[in-house]
Every structure is written in C-alpha cells, then in structure tokens.
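There are 2 protein chains.
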Amino acid sequence: MKQLETYLSFIETELNQLDLPSSPKNLYDPIHYFMKIGGKRIRPILTLLAAEYFGETKENALPAAIAVELFHNFSLMHDDIMDVAPIRRGKATIHEKWNTNIAILSGDVLFVKAYQQLAKQSQEQLYDLINLFNKTAIEVCEGQQMDMDFEQQAAVSTEEYIEMIRLKTSVLLGCALQFGAIIAGASKHNQALIYQYGINLGIAFQIQDDLLDLYGEQEQVGKQIGGDIIANKKTLLCILADELADEPNKHRLTEMYAEKDHSTKILLARHIFENLGVYEHCHKQKEIYYLKAMEALETIDYSQNKSLLVSLSDYLFNREY
Amino acid sequence: MKQLETYLSFIETELNQLDLPSSPKNLYDPIHYFMKIGGKRIRPILTLLAAEYFGETKENALPAAIAVELFHNFSLMHDDIMDVAPIRRGKATIHEKWNTNIAILSGDVLFVKAYQQLAKQSQEQLYDLINLFNKTAIEVCEGQQMDMDFEQQAAVSTEEYIEMIRLKTSVLLGCALQFGAIIAGASKHNQALIYQYGINLGIAFQIQDDLLDLYGEQEQVGKQIGGDIIANKKTLLCILADELADEPNKHRLTEMYAEKDHSTKILLARHIFENLGVYEHCHKQKEIYYLKAMEALETIDYSQNKSLLVSLSDYLFNREY
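Protein chains in written order, with my numbering: chain A, 19 to 339; chain V, 19 to 339.
Just so you know, the hints here were simulated from the structure itself, not pulled from any lab data.
All of these numbers come straight from a predicted model, not from anything done at the bench.
C-beta atoms are modelled at their ideal positions from N, C-alpha and C, and glycine is treated no differently.
Any given hint could turn out to be false.
Claimed, not checked - Selected chain A positions facing chain V (Cβ under 7 Å, derived; list incomplete):
{"no.": "1", "residue": "GLN143"}
{"no.": "2", "residue": "ASN149"}
{"no.": "3", "residue": "LEU150"}
{"no.": "4", "residue": "GLU160"}
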C-alpha cells in the first residue's frame, strides 16, 4: 500500500538510529540483529496514523510508536524461546543463533528500551501512556500463557480462543492506536473507540491468519499450507471442527490428529472441515469482528477524514482467499 | 536490628496485599510463590528510610519501595534460569518447580507489576522515577551479562569485576535510595549523594559477601563455606589472587582450580591466598567502598538525623569476621 510507505520508512529510519550501546556485545548484538530482521511495522504505523487522525503530527508520536514496536519485538524474542522456534522471518531466532540465556536477557533489555522510548513523550501524557502500556504488557503475557496452557488442555472453546487472541495479539494493536489518540489529546470517548477498532481488527486479522493456513495460496501466505494442521495447533478451524462435530466426525477428527503423513493429514482435515462447514463458520467469525472494528471507527466523534485508517484495514485484509 | 522491623513488617503487609489475579494460574501462582519465599527486603526499606530522611512519610513512598522489591524478584527469577539454580532461599526455584517457560513469562509479568507500582506515585514525580528505574533496569541486565561473560573469559581484572558488581547489585540500591529522595523532593545534589551512598555500600557489601565465602562462619553466612571456590566462581578473592600471583603461585592456582576434592581444594586456596595476602587486599577494597559510602552520606546537605541510615549500614555489615 503506497500511502503507508512514507510511514514505514519514517519508522525504519528511527529504528536504525536507535541509541543502543555496543557493549556488553552479547547483550546488544542480538537486539541489533533482531530489529534488523524487519517486519511489517504495522503497530507503530497504527500509532502514527491515530495521532495524525486526531490532529497531531506523526513526529510527536514517534517515541510511543517505537515503544510499541520494541515491545512487540521483545515479546517475539521471549515467545520464540517458549515455542522452541528456530526461525523468525526467515532468519535464525536469538536462542538458536546465540543461546537461551542471551535471548532472555536481551529480551529484558529491549523491554526496558520500550519504556525508555515512552518516557520521551511529554510529561503530561506519560501517566496515561505508561498505565495503558503496563496493562497491555500484562495482558500480552496472559495471552501467551493461555496459548501455552491450551496445548495441554483437552478442549478449548471458541470463547476461550477468542479471549486468548484478544490478549496475545489484539490488545497491542488497540494500545498502539490509543497511544496516538492520547498524544493527540483525543477525548476519552474517542480513545475508547479507536482502542475497540484495534481490538476487533486484531481478532479478525488473527482469524484470517488461521483461515489462510488451510485456505490460502502458498505465495500469499509465505509459509507452508496446512502447517498448523500438521503441528496439531489449536487454531479456530480445529476448535470449530471439534465444536461442530457429531460422533462419527469426532472419530474422524481423532484419526486426522493422529495421522503421521502430512499430505494425507491435510486432505483428511479439508474433507472433515468441508463436511462440517468449518470454513463458513470461521469466515463468519472473521466478518463479525471486522464489522465491529469498522463500526467502532465510524462511531468516532471526530470530523477528520478516516480514509487512511480504512485503507489500513483494507491493506491488512488484502490477502484475499 | 530492632528499628528496622517496623519497616520490614510495613513492606510485608503491602506485599501480602498485592493485587494479583489468580488466572492464568500458571502465570500468577509462581509469582505468589516467589514473593512468599521472603528475603531481607533491604531495597524497599532503603526507599522508605531515604524518603523519611528527606522529610516525607514512609506511606507516600510505599509504591516505589514495592516497585524496587518486585523488580529485584523479577531479576532473581530470570537469573535463576540463567544460572540453572535449583534452590533460592531454601526453596525450589520457579523453573525447577514449574518450568523454564513459566519462569520467563511470570518474570516478565512481575517486571510490569513493578512499573505498575511505580505509576501509583504522583504524576509530577513519575517522569524522574521512571527514567531512573529504566536506567537502573538496563544496568542490572548489563551486569548480569558481564557476570555470564566472565565465566568464558580467561582473565578478569579487579576494575572489570567492580564494574560488574556495581551494575548487577549496587545500582539497584542506589536507585532504591534515590527513589525515596525524589519522592521527598530532595535537591538533585542530595539525590546524587544518596545514590552514591547506595552504590558504594552495595559494592562494599558484595565484596564482603565474597570474603565471607572463605572467611566467614558457616552459621553466620548460612551457606557452605568455600562454595564459590568449589564452583571456581570468579569472585574478588580469586581475581586478586590471579593478579597478585608470581609464576610459582600462578602454577599453584592452576592446580587448585583443577583440584576435584572439595576439602583439599579449599585448603589449597586458603594456603595460596595467605601467601599472597589476598584476604588483606580484599578487605582493604571493602573498606575503601564502605568509607566512600559513609563519606557520601556525611556530605549530604540536609540537617536531619542520619542515625537510621548509619544503623542500616552497620546492620548490613554486622556479619563480622
């Protein structure tokens, strides 16, 4: 999306100029490395867009935007350890390239660096920013814990799953947007609405991610089709299948989960899901949250042109299927 | 020390009333458990004493004091993972009792809880408190990284070692004291002096800890005599021995480090250290920093009675040898 490129390069320039020392090398090299791996920088862009939308310059919201991106990367560093993930965005993860201790500690430092960025915003806003940031950070950790707990849990309900992705993914989008609103001096009412926009957009986006695992095109998705199915990951597709299945289909699902051959497993999953209408149910859930997001955006009591925020929503969902 | 008991029970009462949710259980149970293991609560007491010293009530400094203690416990949680420590204060560490992932994540949450406590202080002080806290947190991580790096490093100089313990241990004592001074509205000059008192007290205290490993009485120290020697830990004793040794003693030190029998190893260490005057050199270093601490305290340009802070210094060094 052409319009967003200005924002992206604005963020990248700032990230490249981050004031990070070089020593101790084993603490700061991993941070430099991880921040250079890239990413879509959606979250800091949200902060800039929200600030501009409510009448502030993007320059004045830059530290808070960077804080959000640093926090996001901190949480990825620690999540990668917990998920024993060898690869992140095509590169070796920190615990793989260095070791787990270094991944823990450089993650911790990056977390503090996020607070340092936030503390660059004006003193009058700091109280609101810090309180929202603290609340969000705790919720993200709670979401990650729920996600880990689900692996050991026999049945996960749709409600539990949505709550998990709300915490693990969406609250940070809401926080990023509300940061912009706070910095621009938006009313509490409008702050709450833009936060709700972020929450619902995040949930819709995560559901779309689950859908794309099985129903996306490989080149669009950028990862192996059916990867979640192969790994028996409890995505919304499987959770809905479990909820919708009658006894014969429950039996088929159990067989599918136990299947060792990857291609057979994916074929079985597609077949059972089609019988149960899993795609349609999942797609409907996505639409519900997408519409909630748009509704929150439209309700905002502010006369500015919302086209850029709407474009962003479109951009996030341009991976059509 | 009788006078400090009031402060300790004030802290314990507040820690017992911490507003922690119960779910997700795997996230919050470890925090409840770890905070109940206890500890001397020296750091939060420092905040209260400094606040009172500069004319503020201890009640008004309580959130910042709790923040320091929560941060300290967060750093212990993550350090225990890195040090593969099975026991902390006589109890199983979190990664032992639960697992590493849970120890990482509940540590992260505890870190945010520290920021939440700090944000309870008045908005006017928040900017100074957060900036000092951020700087301190990063330094503590840098100290931990240096400590880990030392394990792989052939030679460590006294200067490097002192810098490591300054970062890993002392800056948090300085921060705890300066928090009290900030909250009481002390001048920048006096804030810097009480910070210096904390820094130097912390270094002296850590050197004493190194000394006690070999020259303390078991019941005073509460842990196995010579534990650091057995583990080949690079404490100031060994660093000074390496620096002071001539060729024959360097050879003896190499033999001592390689010795497998614990009693023989400790005997060898005592013998070599006595030849080199290691005890005296180490004790002298401790005295230098202790006197620097006292000098900073005396230079403070404030008329209040300093007896309680002096008593605290005495208390910290009452493990005479």
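Hint check results:
1. GLN143: Violated: closest Cβ of chain V sits about 10 Å from A/GLN143, beyond 7 Å.
2. ASN149: 6 Å, holds
3. LEU150: Violated: closest Cβ of chain V sits about 10 Å from A/LEU150, beyond 7 Å.
4. GLU160: 6 Å, holds
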